[in-house]
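Listed here are the chains, written in short residue letters.
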Amino acid sequence: MNVRVQSKQGVPALSFSARVKSGVKKNWYKFSRNKLSVVGLIIVLLIVGAAVLAPVIAPYPHHAGKFVDYANAGTAPCAKYWFGTDNFGRDIFSRIIFAFRGALYMAVLVLAIAVPVGVFLGLIAGYYQGSFLDTVIMRVTDIFLSVPPLLLALAIAAVLKPNLTNAMIAVTVMWWPWYTRLVYGMATSLRNEYFVKSAELIGAGRLHILFREILPNCLSPIFTKMALDVGWVILIGASLSFVGLGEQPPTPALGQMVSDGTRYMPDLWWMTVFPSLAIAVTILGFNLMGDGIRDMMAKGEYDRE
Amino acid sequence: MSLCRRREWGGYMKLSSYVIKRLLYSIFVLVGLSIVIFVIARVVPGDPARLALGPRAPQFAVDALREEMHLDKSLPVQYFYWIKGVVTGNFGKSLVTKRNVMEDIAEFLPATLELVLMSALFVVVFSILFGALAARYKDSWVDSLIRVMAYTGVAVPSFVLAVIFLLLFGYIWPVIPVLGRLSAGIQPPPTITGLITVDSLLTGRMDVFFDAINHLILPALALAVGPLFQEARIVRSAMTENMGKDYLAAAVGFGIPDHVITGKYLLKPSLIPAVSVMGLDIASLMSNAFLVEVIFDWPGISRYGMEAMLRKDLNAISAVIIVFGLIFVVVNIIVDLIVAYLDPRIRLGGRSS
Amino acid sequence: MIVNNEKDCILDIRNLHVWYRTYGGFAEVLDGVNLMVKKGEKVGLVGEAGCGKTTTMRSVLRILPENAVVPKGEILFHGQDILKMKSQEINKVRTQGISMIFQEPSAALNPVFTIGTQMFDVIRYSGSGKAKSKDEIKELAVKAIREVYIPDPERILKSYPGQLSGGMKQRVCIAMAIVTDRELLIADEPGTSLDVTIQDQVHRLLRGLVEKKGMSLIMITHSLGVAREMTDRIYVMYAGSIVETAETKVLFKDPMHPYTLGLLESVPRLTGGGMAEGIYGRIPNYLSPPQGCRFHPRCRLAAERCFEEKPPLMDVGEGHYVACFWVQGVI
Numbered sequence: 001m002n003v004r005v006q007s008k009q010g011v012p013a014l015s016f017s018a019r020v021k022s023g024v025k026k027n028w029y030k031f032s033r034n035k036l037s038v039v040g041l042i043i044v045l046l047i048v049g050a051a052v053l054a055p056v057i058a059p060y061p062h063h064a065g066k067f068v069d070y071a072n073a074g075t076a077p078c079a080k081y082w083f084g085t086d087n088f089g090r091d092i093f094s095r096i097i098f099a100f101r102g103a104l105y106m107a108v109l110v111l112a113i114a115v116p117v118g119v120f121l122g123l124i125a126g127y128y129q130g131s132f133l134d135t136v137i138m139r140v141t142d143i144f145l146s147v148p149p150l151l152l153a154l155a156i157a158a159v160l161k162p163n164l165t166n167a168m169i170a171v172t173v174m175w176w177p178w179y180t181r182l183v184y185g186m187a188t189s190l191r192n193e194y195f196v197k198s199a200e201l202i203g204a205g206r207l208h209i210l211f212r213e214i215l216p217n218c219l220s221p222i223f224t225k226m227a228l229d230v231g232w233v234i235l236i237g238a239s240l241s242f243v244g245l246g247e248q249p250p251t252p253a254l255g256q257m258v259s260d261g262t263r264y265m266p267d268l269w270w271m272t273v274f275p276s277l278a279i280a281v282t283i284l285g286f287n288l289m290g291d292g293i294r295d296m297m298a299k300g301e302y303d304r305e
Numbered sequence: 001m002s003l004c005r006r007r008e009w010g011g012y013m014k015l016s017s018y019v020i021k022r023l024l025y026s027i028f029v030l031v032g033l034s035i036v037i038f039v040i041a042r043v044v045p046g047d048p049a050r051l052a053l054g055p056r057a058p059q060f061a062v063d064a065l066r067e068e069m070h071l072d073k074s075l076p077v078q079y080f081y082w083i084k085g086v087v088t089g090n091f092g093k094s095l096v097t098k099r100n101v102m103e104d105i106a107e108f109l110p111a112t113l114e115l116v117l118m119s120a121l122f123v124v125v126f127s128i129l130f131g132a133l134a135a136r137y138k139d140s141w142v143d144s145l146i147r148v149m150a151y152t153g154v155a156v157p158s159f160v161l162a163v164i165f166l167l168l169f170g171y172i173w174p175v176i177p178v179l180g181r182l183s184a185g186i187q188p189p190p191t192i193t194g195l196i197t198v199d200s201l202l203t204g205r206m207d208v209f210f211d212a213i214n215h216l217i218l219p220a221l222a223l224a225v226g227p228l229f230q231e232a233r234i235v236r237s238a239m240t241e242n243m244g245k246d247y248l249a250a251a252v253g254f255g256i257p258d259h260v261i262t263g264k265y266l267l268k269p270s271l272i273p274a275v276s277v278m279g280l281d282i283a284s285l286m287s288n289a290f291l292v293e294v295i296f297d298w299p300g301i302s303r304y305g306m307e308a309m310l311r312k313d314l315n316a317i318s319a320v321i322i323v324f325g326l327i328f329v330v331v332n333i334i335v336d337l338i339v340a341y342l343d344p345r346i347r348l349g350g351r352s353s
Numbered sequence: 001m002i003v004n005n006e007k008d009c010i011l012d013i014r015n016l017h018v019w020y021r022t023y024g025g026f027a028e029v030l031d032g033v034n035l036m037v038k039k040g041e042k043v044g045l046v047g048e049a050g051c052g053k054t055t056t057m058r059s060v061l062r063i064l065p066e067n068a069v070v071p072k073g074e075i076l077f078h079g080q081d082i083l084k085m086k087s088q089e090i091n092k093v094r095t096q097g098i099s100m101i102f103q104e105p106s107a108a109l110n111p112v113f114t115i116g117t118q119m120f121d122v123i124r125y126s127g128s129g130k131a132k133s134k135d136e137i138k139e140l141a142v143k144a145i146r147e148v149y150i151p152d153p154e155r156i157l158k159s160y161p162g163q164l165s166g167g168m169k170q171r172v173c174i175a176m177a178i179v180t181d182r183e184l185l186i187a188d189e190p191g192t193s194l195d196v197t198i199q200d201q202v203h204r205l206l207r208g209l210v211e212k213k214g215m216s217l218i219m220i221t222h223s224l225g226v227a228r229e230m231t232d233r234i235y236v237m238y239a240g241s242i243v244e245t246a247e248t249k250v251l252f253k254d255p256m257h258p259y260t261l262g263l264l265e266s267v268p269r270l271t272g273g274g275m276a277e278g279i280y281g282r283i284p285n286y287l288s289p290p291q292g293c294r295f296h297p298r299c300r301l302a303a304e305r306c307f308e309e310k311p312p313l314m315d316v317g318e319g320h321y322v323a324c325f326w327v328q329g330v331i
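Residue numbers (my numbering), protein chains in the order written: chain A, 1 to 305; chain B, 1 to 353; chain C, 1 to 331.
Chain A on its own, in the form it takes in the complex (with noise of 0.2 Å):
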């Protein structure tokens, strides 16, 4: 007879290195299940490529500005223009790599202030709740949510001097409250979780439970809501800069081009096409991206062993 010795537990404990790796697998696992998820990534990456590697990758980088050649001026697509060339004779095709860098830009930066706001307040005014700061912060916050938010961001860079830095500036404004809320909501029930009331009781100090404990919690679906915002500012810039409140020309930006385009149509119009094919698919890349990585941070029947 031979009696098999087995740990307690009856599943052998597996090495870091090997949880890491089961890690990876499994969350790609998830990401990678819905093939659309791999097509958004795909797309992103290719975006952000032509715009890092903009003055490599555009075939006429010098067109990207002031820049004036009637002689091609309106150029229908073809080997040399793929896209066509505008009104000024300027390459489409190198215009949109180009005006990938502004709205990348802004969707980075918007991100980079609004969202670290937004999750400090939802931070404070949740872990405080019913006090007063909570109260401060949450109707300021109610009362930036109760305007359509491209129509606050539309006044304010309509009253600033218009360009990219002020149209920044209002989409930032517009967008924290969001972040605050989707943070409040979680916060003020985490509060009442029994590890930060033990935290509490073993006399954590406030930073401690705030940004140890509680963040912590709270981050998959800032993560998410993040990867699927990079496409909406990106949207609402592309909105600014069609009605003129974004980058001035001759700064190329996408919904400027969309714009000029119309002036053009319908015999110039791959002016208008291709620049509202690139917001579409840019869009459409993020918001597939984003999808997969909230299948991946979601916790579901997958998680279950």
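Relax, there's no trap hidden among the hints.
Taking lysine-lysine and the DSS-like style, the derived pairs with C-alpha atoms no more than 27 Å apart in a straight line are:
(1) A:26 - B:138
(2) C:158 - B:268
(3) B:245 - C:92
(4) B:138 - A:225
(5) C:84 - B:138
(6) A:35 - A:25
(7) C:134 - B:264
(8) C:213 - C:92
(9) B:264 - C:86
(10) B:312 - A:161
(11) C:158 - C:132
(12) C:39 - C:143
(13) C:92 - B:264
(14) B:245 - A:26
(15) C:138 - B:264
(16) C:130 - B:264
(17) B:98 - B:73
(18) C:39 - C:72
(19) B:268 - C:138
(20) C:310 - C:72
(21) C:84 - B:245
(22) C:134 - C:158
(23) C:249 - C:38
(24) A:161 - B:98
(25) B:245 - C:72
(26) C:92 - C:143
(27) C:134 - B:268
(28) B:138 - A:35
(29) C:138 - C:92
(30) B:73 - B:312
(31) B:264 - C:158
(32) B:93 - A:161
(33) B:268 - C:132
(34) C:92 - B:138
(35) C:132 - B:264
(36) C:72 - C:86
(37) B:138 - C:72
Facing chain B, from chain C, some residues (calculated, C-beta under 7 Å):
(38) 107
(39) 109
(40) 162
If you're looking for bench data, these hints aren't it; they were derived computationally from the structure.
Glycine included, every Cβ here is placed at the ideal spot set by N, Cα and C.
Fit chains B and C to the supplied structure of chain A, relying on the hints for placement.
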């Protein structure tokens, strides 16, 4: 028996006090919003009097206007004078139309309401239809088709869609009108509500009605497509999530037929999350109307507001934002009431879903 | 394998396998379940949480989650395989043959409809499909609610699930399951989420109703004590298969499978003192279940053969079946 009566009473009391609370809160939010707008329109741009009169106006005229606008007083006092005007509907004169802003609003608002209502109708009808279809035929080609349409529909901003519609139906295939509210040569019906479709029906002018509907379709569609598919996805995911709930398994286990389960036991709880975000959709419709109205030359308040913004017409900007804030608040109250109707857990003051 | 030579057998589950699709592959939850219910018999299905009791019973009504597949096995209801039935036939089973009480009463009732709405629909579509008048339906509902000892049925019918206590909801669930005649009632750990006293009431109520109506009962529970009080025959389940079954009296007199013994030992006793002995470890991971006998990692008696071969369920006399090489004496 007495216990149960009290319980029902509690339900009604909770609903009415909920509505009152909601109303008071809305007033608070609107006051807060007015402060934000005051800051945006009066404080940020520098000297509103100089802006109103232009750079070449003589200094004494500017000073006179400053006094008239109470700009020489402290900010809280300025706000007080300004809000007093706002409450009585006096936003001052518009730089562009040279009329009282309130008159402009009364003239342009109905067109926007008509447009937004039409696209809200599109959103409600088609989102439930598409969402339910996708959930019912989950993982089939129907689901995939709707998913592809959803991803594209959500990714194409309404102003891009509007431009594409303009290109397609304005130049290439002109089967449907693209500009304005009515075709040239058609006499508008007498103004009763300001909504041409409603007015023409009230006066029995069917030709005008159909012409107005034709003009509405493209701009309303351009606005509706994004929120529509967003909602459809929410309906679908709520439905598929609820499909895994025990209560549905129980209903299936009792042999209740498919159509009753889908159309009743699955649909009602699944509509709750979709309706809850409906307020946001209306917000999206209203703000996108700013671009879409410009493109389709729709004589609404959004096009008016857009022009005001581009010309720094501060009185008009503040008025437009306040009006939109007010509409948005009302819409949200209505949405909350619908949710409360759908979800007894909220209506009866229990835990929320 | 249990030999089915009984004429009055209603339900006969044979070698049922159910797998769930997950990110790590298939979770092989059910690994050959054999179970039989005779007319009027009260059967207990006992095992610890996660051993597949609920999965077994859900496959009987074909209400498994979407990611479930049934690679092997038969569920015969009056000799017809439920798994192969067309939708019309399975609907007949659901409306006339079998009904089920779910484990969690608050999850089993739709939160946005009144009890009345839900109950009326159950009645409307139950039975032979003959149209019933509104009054008839209501009368049946009121009668069923009275039968589960809830006062003021009219008020209950107008209430939403959120307005009722857990015990009330449990009773309502029972009322819905018995409101029209069914041959077999499946009760999935009724009352587990309730106070012990209420749990006891629910059990008594259930037994009374089943006996009065002459229904068969499958009682799912993790407690041998409950099963002893309620049932004629007990099936002990471990990690997706039946490890032992016998008439209730026989099983308690002469338990044989090491797992059954462990379960009996883990019941805390009022007399004798000391902590219960219990069983080490937990239910295995179904993604890569142990080879051979699934109980061997936790079995004190596990031998070489147990690692490699799955012991079949074999008759050891008196309708007592055990799936263990030790008991069968073939180690």
